[in-house]
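Visitor: Input sequences plus hints: build the corresponding full structure.
For reference, the chains in residue letters:
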Amino acid sequence: MLILSTLLTNCSSVKKLSIFKQEVPRAELNLDKPTALQLEQIKWIIITSENADEVFEKMKEQGIDPVLFGLNDKDFQLIAKNFAQIRNQLKITNDLLDKYKEYYETPVKKKQQ
Amino acid sequence: MFGSLKIAMVAILITGIAGAGIYVMKLRSDNAILKANQIKLESAVADQKQLIENQKKDFEEILDANNKMNVLVTALKNDLDDLDKRFNKKNRDIGKLAIQKPKPIERIINKGSANATRCIEIASGAELTENEKNATKKSEINPECPSIANPKYVAY
Numbered sequence: 010m011l012i013l014s015t016l017l018t019n020c021s022s023v024k025k026l027s028i029f030k031q032e033v034p035r036a037e038l039n040l041d042k043p044t045a046l047q048l049e050q051i052k053w054i055i056i057t058s059e060n061a062d063e064v065f066e067k068m069k070e071q072g073i074d075p076v077l078f079g080l081n082d083k084d085f086q087l088i089a090k091n092f093a094q095i096r097n098q099l100k101i102t103n104d105l106l107d108k109y110k111e112y113y114e115t116p117v118k119k120k121q122q
Numbered sequence: 710m711f712g713s714l715k716i717a718m719v720a721i722l723i724t725g726i727a728g729a730g731i732y733v734m735k736l737r738s739d740n741a742i743l744k745a746n747q748i749k750l751e752s753a754v755a756d757q758k759q760l761i762e763n764q765k766k767d768f769e770e771i772l773d774a775n776n777k778m779n780v781l782v783t784a785l786k787n788d789l790d791d792l793d794k795r796f797n798k799k800n801r802d803i804g805k806l807a808i809q810k811p812k813p814i815e816r817i818i819n820k821g822s823a824n825a826t827r828c829i830e831i832a833s834g835a836e837l838t839e840n841e842k843n844a845t846k847k848s849e850i851n852p853e854c855p856s857i858a859n860p861k862y863v864a865y
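Chains A and B are the protein sequences, given in the same order. Sequence positions in the first sequence follow my numbering and run 10 to 122. Sequence positions in the second sequence follow my numbering and run 710 to 865.
Calculated directly from the structure, the hints in this document are not laboratory data. Worth double-checking, as some hints may not be accurate.
[Unchecked claim] Looking from chain B toward chain A, a few residues come up when the C-beta cut is under 8 angstroms (computed):
id, residue
1, Leu736
2, Glu770
3, Val782
4, Asn787
5, Asp788
6, Phe796
7, Ala807
8, Ile808
9, Ala825
10, Ile829
11, Pro860
[Claimed, not checked] Straight-line distance between alpha carbons at most 16 angstroms, and here's what the computed EDC-like set of lysine to aspartate or glutamate pairs gives:
id, chain 1, residue 1, chain 2, residue 2
12, A, Lys110, A, Asp41
13, A, Lys42, B, Asp767
14, A, Lys110, B, Asp767
15, B, Lys810, A, Asp82
Computed from a predicted model, the values in this text were never measured in an experiment. Idealized CB from N, CA, C, for every residue including glycine.
Guide: Put into C-alpha cells, the structure is as follows:
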C-alpha cells in the first residue's frame with residue numbers, strides 16, 4: 010500500500026504554469042511629409058506720381074487691366090517682414106516634425122548602433 | 710537484549726545514511742536553484758545595463774535635437790534682423806529711393822521677392838539645388854535666407 014501510494018504521488022507531475030508577457034510595440038504612424046510648396050512668382054510694380062501714366066499705358070499695351078493694388082513703402086517693408094516670419098515659423102515647424110519623426114520612428118536597434 | 714540493541718543501532722545507522730542522502734539531494738537541489746537564480750540575476754543585470762545605455766543615448770539625442778533647434782531659431786532670427794537692416798541701412802529710405810530710381814528699385818524688389826519666395830519653398834521642405842548647396846560667396850547666396858538656403862555659406 011505504502012509503495013503504491015509513494016509511486017502514485019512521486020511519479021505524477023504537475024507541469025509548471027508559465028506566464029509570459031510580450032511587449033508589442035505601438036504601430037508607427039508613418040504619415041508622409043507634406044509635399045514642398047511650389048510658389049508662383051509675383052511681379053512688383055513701382056508707381057510714383059511721375060511714372061504713373063507711363064506704367065498704366067504699358068499695362069494697357071500688354072493687355073493687363075490698368076489697375077494696381079498698392080502698398081506704401083512702409084507697408085511693403087512690413088509685408089516683407091511678415092512673410093519672413095511666416096517662413097521662419099514654417100521652417101521651425103518642419104524641422105520639429107523631422108526631429109520627432111527621427112526620435113520616435115527610428116527603430117531602437119538602429120539607434121543602438 | 711543485545712539483539713534489540715543491534716537492531717536499534719542498525720536502524721539509527723540506516724536512518725543516518727538515509728538522512729545524509731536526503732540532505733545531499735537537498736543541497737544539490739538548492740545548488741541547482743542557486744545556479745538558475747545566478748543566471749537570471751546576471752541576465753537581469755545585463756538588461757538593466759542595456760536599459761541605462763539606451764536611456765543615456767536617448768538623453769544625448771534629446772540634447773542634440775534641442776541644440777540644433779536653438780541654432781536654427783537663432784540663425785532664422787539673424788536672417789530676419791538682416792532683412793530689417795537692409796531696409797534701413799545707413800538711414801536708407803526705400804520710398805525715396807523708389808521715387809528717384811523706380812526702375813532699378815523695381816528690379817531689386819522683384820529679385821528680392823523671387824528669393825523670398827524660394828525661401829518659403831525651402832522652408833516647406835523643398836530640396837536644395839546644387840548651386841544653393843555649394844554657394845559660398847555673397848554673390849552666389851540667397852540673401853533673404855542664407856541660413857536655410859546655403860548651408861556652406863559663412864557670413865563675412
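Visitor: What hints, given by number in increasing order, does this structure fail?
Guide: Hints 1, 4, 11, 13 not satisfied by this model.
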